[in-house]
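Participant: These are the residues of each chain, in order.
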Amino acid sequence: MRLFYTKRGLLALLAFATIWFIILYYFVGSASAIVTSPTFENMASQLFGALGLSALLEWPVAEYAIYWLVAVYFFPSFALLVCSEQFCSDKQRGTLRFITLRSTRAELLLGRYLGQLLIMAILIMITSLATTVLASTRDIALLSASVQIGAKLTLTLLIVVMPFIALMSLLNTLVNSARLAIVYATLIFALGPLAIGIINAQFGHSLYLNFLIPGEQISSILSQKSLVISQYLLPFIQTSLLLLLSHFMLKRASL
Amino acid sequence: MSLIIDVQQASKHYGDKAALQNLTFSLEQGAPVALVGPNGAGKTTLFSLLCGYIQPSSGDIRILGHRPGSPALFGRLSALPQDAQFDPKFAIAKQINFYARLQGMSHKMAKYDTHRVLDMVGLADVANSQPNALSHGMRKRAAIAQAFLGSPEIVMLDEATAGLDPIHAREIRTIVAEHASSVNFILSSHDLTELERLCDQVLYLDKGQLTQHQAQDNKASVRYITLRMKQHHPELISTMLQISGVNQVSMSQDREYLLVISNEQGKGAIEAELIILLAQKNWPYAQITNGKTLENQLF
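Note that the protein sequences, when read in sequence, are chains A and B. For the first sequence, the positions run 1 to 255 when my numbering is used. For the second sequence, the positions run 256 to 554 when my numbering is used.
To be clear, the hints were calculated from the coordinates, so they are not data collected in a lab. Don't take each hint at face value.
Said to hold, decoys possible - Short derived list, chain B residues pointing at chain A, Cβ under 7 Å:
#, residue
1, I309
2, F329
3, P336
4, D338
5, A339
6, D342
7, Y354
8, L357
9, Q401
To be verified - Going by beta-carbon spacing under 7 Å, a handful of chain B positions derived as facing chain A:
#, residue
10, Y308
11, P326
12, S333
13, Q340
14, K344
15, Q358
As the list claims (entries may be wrong) - In the DSSO-like style, the derived pairs of lysine-lysine whose C-alpha atoms are separated by at most 27 Å in a straight line are:
#, chain 1, residue 1, chain 2, residue 2
16, B, K366, A, K7
17, B, K462, B, K272
18, B, K272, A, K251
19, B, K547, B, K462
20, B, K536, B, K485
21, B, K485, B, K547
22, B, K536, B, K547
23, B, K349, B, K366
24, B, K366, B, K344
25, B, K363, B, K344
26, A, K7, B, K344
27, A, K7, B, K349
Each residue gets a CB set at the ideal place from its N, CA and C atoms; glycine is no exception.
So that you can see chain B by itself, here it is in the shape it has in the complex (with noise of 0.2 Å):
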């Protein structure tokens, strides 16, 4: 396993205010990782800083062992940042275009990988068109696409589906998934199940600090099973803990359990019978997941 991203004691000031404290952390080459955090914990600034947008006021970031912004990084890192547009005045495919040869490829390969990126996202019907004819989700949606130009080998994504339809979300969650092991993904959403879906790492940001930064831990001596159900039965957590196994039962949500189960015994005969006293109670469930939803893990 190589490191993809070595930050040392970075620190990100605006003024007198600490947008990002004596950040450490590494990130090796693997599964898509997740950034997580509520509004203005310095999400957008940490990507910003890895990008190399903007300097670090102190610290030391390395980026397949260069510098953010290093010439060495074009074509090998992309991203979609937050809030970028594209020039209102020129079509999409003439700009993702120009992206392409700025990369270095040949005019035919641009127009070639051009097409591809824009085909993946689903806007090759309107690649010709200017930025201001699109909806937002489709200016999304493109400036995703450039970030696949060429085969880089970091693709960070700040809040790729924020905005856009369920469908295309999906679209989106579909080509991260694909990539994912060709590309390290870094992404931020506050879709916390999407990056459940995607991501086996999360690192935590709050107020600028990194207050998590682990693996989904599935290998301790007790697991978890989340069960959500459609209505609500109050005699259910009494009932769940007759199975043999489940140590603890508690209400993590409305209508959500979050069940504790002891590893030594039965592995996954216990959803069995879960799924069997569940029906002879007649108490329909809503979704039964192994392990804590990363929510529950996170708050």
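Only chain A is shown next, with the shape it has when bound in the complex (with noise of 0.2 Å):
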């Protein structure tokens, strides 16, 4: 609601659109000539083989595997600064005292979740369809291939961010300003992996704390070779787990 009625939830869209639409216009829309371009092709074989990516040269739209890398990492970036404000703020105000005498703590870290990932679901069907769009403005024929493609990266790229709301939401739980929760979130990506590396070392080896940190998985499902349950089971897990202890947090915070 936030996002479509208010002066900073708009301003945020605006920003969402000026972003892919460069996004869009130069990189993804020139996919195919840097990929089939005889001087980019070997250059960005190359490139994409280092990275290990070299998969995504051999899907039939190219103008996908572009859209592919910059939004793997776009919108879980773009969720904790969306998603920073779920009910922190409300919190702070006292707006829920009115709230809670209506619906349950549950209830309502839910609904502002879901609602959340309705938001991002929209955001990331408008940039997939826009690359489909693109894609068959090339070449007509490519039509039902990005259909296909642009919906399983979509369903994707949901999965992805899913655990990056659902960090929000615990965030939200513990801070008073949407400002602070974003804070918080920069620090535990900045700060976890070296923090968990420090406790791997002492120990002496991999405790697989590595998997608290939502977007863990990200790097390797970044070829779209990996298996079926690393890909979708640990954002599933995380989620779960964030929203378990949101809920619990919630549930014992006085409002």
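Quick one: dock chain against chain with the hints and give me the complex.
Facilitator: So, in structure tokens, the structure goes:
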């Protein structure tokens, strides 16, 4: 609601639209040129090969290879920003006191989470559709392949952002402003891996603590060759754990 | 009479500071109940416990047979929480309408009820204004309006008239009085005259403890008359004692006297005698109250 009805939300949407116009127009739009031109082909395959992404070059729709690479990193970060305000300011302002006389805290948490997920789904779908349009205007024969791969990537991206939104739900139970939630999220992603590295070094072996951090699976799913299990299961488990923890925290919170 | 609120040994601690200590009381259906006490006595903490905003450190609280915050109380218990504010980004009517929808009303019903409650507090004209465009008093009235959505059985108003101008404070008192037969009100206020007008029963909280819990007692062998004078008259006490039936006269405050009347003596005649005597002496009075003022009962 806030995203579409408030000045701040509309500004965020405008920024989103501008960024994606640039990405689609300059990168995705010229993707086929980059990938198919003989001069770039060699370089691109070398670059993608070095990143272990040569599989992406085999995709029938070159636009989606670029789209995927950008989106898989863009949307999680964007989710952290857009979903930073779920109920922390309502808590600070006391608005939750009006709401919790009419709804349980669990309903509130889940409702706000699903609302944010819906917004992210809409935004992901819009960008994916735009990519389909770009690819099909280049070659209409690519339409069915575009729709297919677009749908698959939309779903995959949505699953990728799920734990990121859930992390912001958890931070919302702890802090009183969206800004502080973003600061905490930044600290988690900046210092989290460092702390895990130190802990692992202390114990001399991996404790798999890295699986606690949302987006852990991104680098392994980048080539889109990995097993379905690791691609879908980890974000689902992370999301469930984060939401359960948020529920526990919110239930005990003083409003 | 059925029990609406039952509190057993409820305590709330913040760190090692006790905000409420072993509170035990129960309230029955009926006339509005006043919650009185000095600043920091724990009134808002008690309200928050009853509304389920905070959990008691120990003890048990039941409202209409349910724990505070239970879904069974949605729409049955409503409140004006202290310091709770509306979202500044949406119009008042939109937010109240949303609360009505949350209470399970249909789209049409919610719209109707939003208009009804806003009209009740005199805010129908500014229903589509954002909270920031309204004055503090208007925002408070909007917050009171949301407490009357639907048909709640218990309405808790924490300092409902604080910060309101006299006209609107009076309107709120009228609303409470009008609804008192169908709704169980629990009111906290520092305006004792206001509570005296509205409430039969008083909960007095001090330092986290319930020190009094009684209905105003007018059935004892003695009764009281509170007399407030416009001017100070040194011989007033001795003059009043001449009226038969007046056992004792004391000055409770500046120009305010408390007359203790023996109940067996000629009932209403004492007031008549009192007024005649005041007229004879040409001493103008400001107010004659049957009974003790709430202030005199408590302090």
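Participant: Next step is simple, just say for each hint if it's right about the structure.
Facilitator: Here is how each hint holds up against the structure:
{"no.": "1", "hint": "I309", "in the structure": "holds, 4 Å"}
{"no.": "2", "hint": "F329", "in the structure": "holds, 5 Å"}
{"no.": "3", "hint": "P336", "in the structure": "holds, 4 Å"}
{"no.": "4", "hint": "D338", "in the structure": "holds, 5 Å"}
{"no.": "5", "hint": "A339", "in the structure": "holds, 3 Å"}
{"no.": "6", "hint": "D342", "in the structure": "holds, 5 Å"}
{"no.": "7", "hint": "Y354", "in the structure": "holds, 6 Å"}
{"no.": "8", "hint": "L357", "in the structure": "holds, 4 Å"}
{"no.": "9", "hint": "Q401", "in the structure": "holds, 6 Å"}
{"no.": "10", "hint": "Y308", "in the structure": "holds, 4 Å"}
{"no.": "11", "hint": "P326", "in the structure": "holds, 6 Å"}
{"no.": "12", "hint": "S333", "in the structure": "holds, 6 Å"}
{"no.": "13", "hint": "Q340", "in the structure": "holds, 5 Å"}
{"no.": "14", "hint": "K344", "in the structure": "holds, 5 Å"}
{"no.": "15", "hint": "Q358", "in the structure": "holds, 5 Å"}
{"no.": "16", "hint": "B:K366 <-> A:K7", "in the structure": "holds, 25 Å"}
{"no.": "17", "hint": "B:K462 <-> B:K272", "in the structure": "holds, 11 Å"}
{"no.": "18", "hint": "B:K272 <-> A:K251", "in the structure": "holds, 22 Å"}
{"no.": "19", "hint": "B:K547 <-> B:K462", "in the structure": "holds, 24 Å"}
{"no.": "20", "hint": "B:K536 <-> B:K485", "in the structure": "holds, 13 Å"}
{"no.": "21", "hint": "B:K485 <-> B:K547", "in the structure": "holds, 18 Å"}
{"no.": "22", "hint": "B:K536 <-> B:K547", "in the structure": "holds, 24 Å"}
{"no.": "23", "hint": "B:K349 <-> B:K366", "in the structure": "holds, 9 Å"}
{"no.": "24", "hint": "B:K366 <-> B:K344", "in the structure": "holds, 19 Å"}
{"no.": "25", "hint": "B:K363 <-> B:K344", "in the structure": "holds, 23 Å"}
{"no.": "26", "hint": "A:K7 <-> B:K344", "in the structure": "holds, 9 Å"}
{"no.": "27", "hint": "A:K7 <-> B:K349", "in the structure": "holds, 17 Å"}
Taken one by one, the earlier hints all hold for this structure without exception.
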